[in-house]
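Let the hints inform the model, and build the full structure from the sequences given.
So the sequence lines, in the order shown, correspond to chains R and C. 64 is the number that numbering that gives the first Met the number 0 gives to position 65 of the first sequence; each next residue is one higher, with no gaps. 174 is the number that numbering that gives the first Met the number 0 gives to position 175 of the second sequence; each next residue is one higher, with no gaps.
A few of these clues could be false.
Unchecked claim - So the derived list for chain R, only partly shown, Cβ under 7 Å to chain C, looks like this:
id, residue
1, PHE100
2, GLY104
3, GLY246
Claimed, not checked - The calculated lysine to any residue pairs, modelled on SDA-like cross-linking and capped at a C-alpha distance of 25 Å, are:
id, chain 1, residue 1, chain 2, residue 2
4, C, LYS172, R, SER163
5, R, LYS240, C, PRO168
6, R, LYS257, C, LEU132
7, R, LYS257, C, VAL140
8, C, LYS1, C, PRO14
9, R, LYS240, C, THR135
Hints in this document: simulated from the structure, not taken from any laboratory. Cβ atoms here follow ideal geometry from the backbone N, Cα and C, with glycine treated the same way.
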Amino acid sequence: MPHQPRWNRAARAVAWAWSAALAAAALPAAAQQVLTVAAYPAVDAIVRSAIPRWRQLHPAVDIQVVSRQFADHHTAMTTALSTSVHLPDVMALEVGYLGRFAQGGGLDDLAAAPYDIARFRAQWVPYAYQQATNRRGQVVAAPTDIGPGTLLYRADVLAQAGVSEADLTRSWDSYVACGARIKAATGAYLVAHARDMKDIVIRTGIQPGEGLYFDAQSRVLVNSPRFVRAFNLAREVRRQKLDAKVGAWTHDWSEGFKRGSIATQMTGAWLAGHLNNWLAPQTSGRWRAAPLPEGAMAAYGGTFFAIPRLAPAARKPLAWQFIQLMTLDREVQLGAFKSQDAFPALLAAQDDGFFEQPIAFLGGQPARVAWRAAARRIAAVDVHKQDAFAAEVIDTELDLVLDRGKPVATALADAERLLQQRARR
Amino acid sequence: MKLPAALRLSPALAPYVFISPFLLLFAVFGVFPLCFSLYLAFQSWEPTSGLEAMQYVGLDNFAFALQDPWFWKSLGNTAWLAAASGVPQHLVAIPLAVFIHNRFHRLRNGVVGAWFMPYITSTVAIAILFSSLFSTDFGLVNQALQALGRLPLLGWLVPAEPIDWLNDPDRIKPAIAIIVFWRYVGFNLVLYLAALQTIPQDLYEAATMDGASRLQQFLFITLPSLKPMVFFGVTLSVIGGLQLFEEPFILTGGRGGSDQAGMTTAIYLYRMAFDFNDFGAASAMSWLLFVVVALLTWLTNKAFADRARR
Chain R
0 MPHQPRWNRA ARAVAWAWSA ALAAAALPAA AQQVLTVAAY PAVDAIVRSA IPRWRQLHPA
60 VDIQVVSRQF ADHHTAMTTA LSTSVHLPDV MALEVGYLGR FAQGGGLDDL AAAPYDIARF
120 RAQWVPYAYQ QATNRRGQVV AAPTDIGPGT LLYRADVLAQ AGVSEADLTR SWDSYVACGA
180 RIKAATGAYL VAHARDMKDI VIRTGIQPGE GLYFDAQSRV LVNSPRFVRA FNLAREVRRQ
240 KLDAKVGAWT HDWSEGFKRG SIATQMTGAW LAGHLNNWLA PQTSGRWRAA PLPEGAMAAY
300 GGTFFAIPRL APAARKPLAW QFIQLMTLDR EVQLGAFKSQ DAFPALLAAQ DDGFFEQPIA
360 FLGGQPARVA WRAAARRIAA VDVHKQDAFA AEVIDTELDL VLDRGKPVAT ALADAERLLQ
420 QRARR
Chain C
0 MKLPAALRLS PALAPYVFIS PFLLLFAVFG VFPLCFSLYL AFQSWEPTSG LEAMQYVGLD
60 NFAFALQDPW FWKSLGNTAW LAAASGVPQH LVAIPLAVFI HNRFHRLRNG VVGAWFMPYI
120 TSTVAIAILF SSLFSTDFGL VNQALQALGR LPLLGWLVPA EPIDWLNDPD RIKPAIAIIV
180 FWRYVGFNLV LYLAALQTIP QDLYEAATMD GASRLQQFLF ITLPSLKPMV FFGVTLSVIG
240 GLQLFEEPFI LTGGRGGSDQ AGMTTAIYLY RMAFDFNDFG AASAMSWLLF VVVALLTWLT
300 NKAFADRARR
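Here it is in structure tokens:
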């Protein structure tokens, strides 16, 4: 064998490696059809648990679940839609992102043929269907789970302070007054953050055709009585030192629940499950659920399934069948509720006896009945493409009111001015 | 076995084959994003509608960025954090390197490794650890401060109420600066230790014979000899400080903190793109940030060059 320079052999190895890599990439796909579903926890677990049922209906079609963490998933979906690369056949979307995604043209209109989602409309909670409808009248996703708003409170802390549920929920003013009594008697904070109150109060009294921050003509709505009231109430909470000044999902937030130093939390019904499963399981039996103060109605979170417009057309009929299985099959919806606390958007699933059962974590209270009633009364709010930015602006101005003593009127005027610059971008 | 001639690489082609993996990766992950971001800076784009939704808007995104009060606010935050975390890194790392260089021999690698450890630790782990340490009601930092306040004569130093490190806009910047300082001081220490080893021992011996004190030796031999490395370290700190992202992002839950006191420009432009769906403005801001980085790097270069000429 003639001598070859070492570098020449190495160079050939590199060249062969490139050839092998290219050849591998060119191999034909497997014959078995695969439907790709992109999801985040715990929607991914719900999808996986529905696979046996899917296989009964479609034995020749596998489901591949692409799971990422919540924020990563939505970033990946944004990237996939923007580049049309690695698009899943079905994508799960959280309602906070749905509004933004619905404004673009990246998702199939499920109201159009061949989907015709309107024929199923009456089967879902009304507001959930409306949430998936954009201003062009397109329905870009189907609802699978919802988050009816509720007030979770520590019954033991309230009892210690001599505060009743009726006192707590009569009005926003009585809620704050109860907070002062709770703080004086037990030292516990009324809420995790004054911002939580503002988030609910700005959702009350929205007129038809209005969004949260903008109306249908992109006019800014933040300098209005509902924002003034929300800011004043939040300022009062902070002035009386009734909030723990901690954000949701932080270390201090979960510690506050574990130690009973946060007496109430306005949230979606699903938080009871999270508290029970991992946030504060040792507090089981001490919590109760009540309606939001002053009869406020609000939704916290919710999941939808959508079909990307540029996903492979050949698999779209299967993708639509999969979405129907996840959103219209009573057993799948109930299974998700029982295993992952994913409150069903499907009305037929809400008539199950499971709803009347007592919840041990809530001291045996059959709270699901009240959540079901609340879910049917919640009204959808129109979304605007600048809602995420508007929420940030309002939070920032509220920070200035709470931390720097900025007058509410000035804060809202500044927010209005900043949002006017953005409204039509 | 001898390969057929057609499959053999000629010596002329071999270097290009060797370097092709790097060039390909650099083109995909370096050059393309750079060019695409420049292209995007002149477009209005609703990203979820796909690439065809782009519309040319000329310099609108740059005009918008320059008129955006939050962009200027983020630049101010970035400059504050870069200075507050960057300057102490060098003020501490230089004397510390000299101390370790002179005093530690057998234990030196272990000591340097301990200082370097934060630099190679996951940012996420660091941020989680510090968010726990800086917790208002349950954090060790506040507990230590309160214990300090109970000592005789030291009570006046410590505030009566626990400090809200991560929610108070006046505290969050110092909290972030402390973490960044802690993380990178070890890196600079290694730089200066390497530079110290290049200074000839003869200089110190001659100075000692001439009666120079330790302080004089430090001021007139060590510091001037370290100048090239100081320039290098400061340049890295300027560039790194102006691109600060991970620590404040994780520590503030990705939002930038109360009143966005911890929102750096890198965080803001990320949010502009992925939270507010405005990729055009985000790209324009990233190029404006690049101009600031380039300008400050040039000024750093000029400052050190001028001193050398004097």
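Hints, one by one, checked against the model:
Satisfaction of the interface hint for R:PHE100 is found here, the shortest Cβ-Cβ separation to chain C being roughly 5 Å, below the 7 Å cut-off. Given the 7 Å rule on beta carbons, the hint for R:GLY104 holds: about 4 Å separates it from the nearest Cβ of chain C. Evaluation of the R:GLY246 hint against chain C yields a held restraint, the C-beta minimum of about 6 Å falling below 7 Å. Among the hinted pairs, C:LYS172 with R:SER163 is inconsistent with the structure: their alpha-carbon atoms are about 42 Å apart, more than 25 Å.
Restraint check for R:LYS240 and C:PRO168: satisfied, since their Cα atoms lie roughly 17 Å apart, inside the 25 Å limit. For the hint linking R:LYS257 to C:LEU132, the alpha-carbon distance of about 18 Å falls within 25 Å, and the restraint holds. Only pairs whose Cα atoms come within 25 Å are accepted, and R:LYS257 paired with C:VAL140 is accepted, the gap being roughly 21 Å. Pair hint C:LYS1 plus C:PRO14 holds up; C-alpha atoms about 21 Å apart against a cutoff of 25 Å.
For the hint pairing R:LYS240 with C:THR135, the CA-to-CA distance comes to about 14 Å; that is within 25 Å, so the pair holds.
The structure fails to meet hint 4 from the earlier list, while all remaining hints are met.
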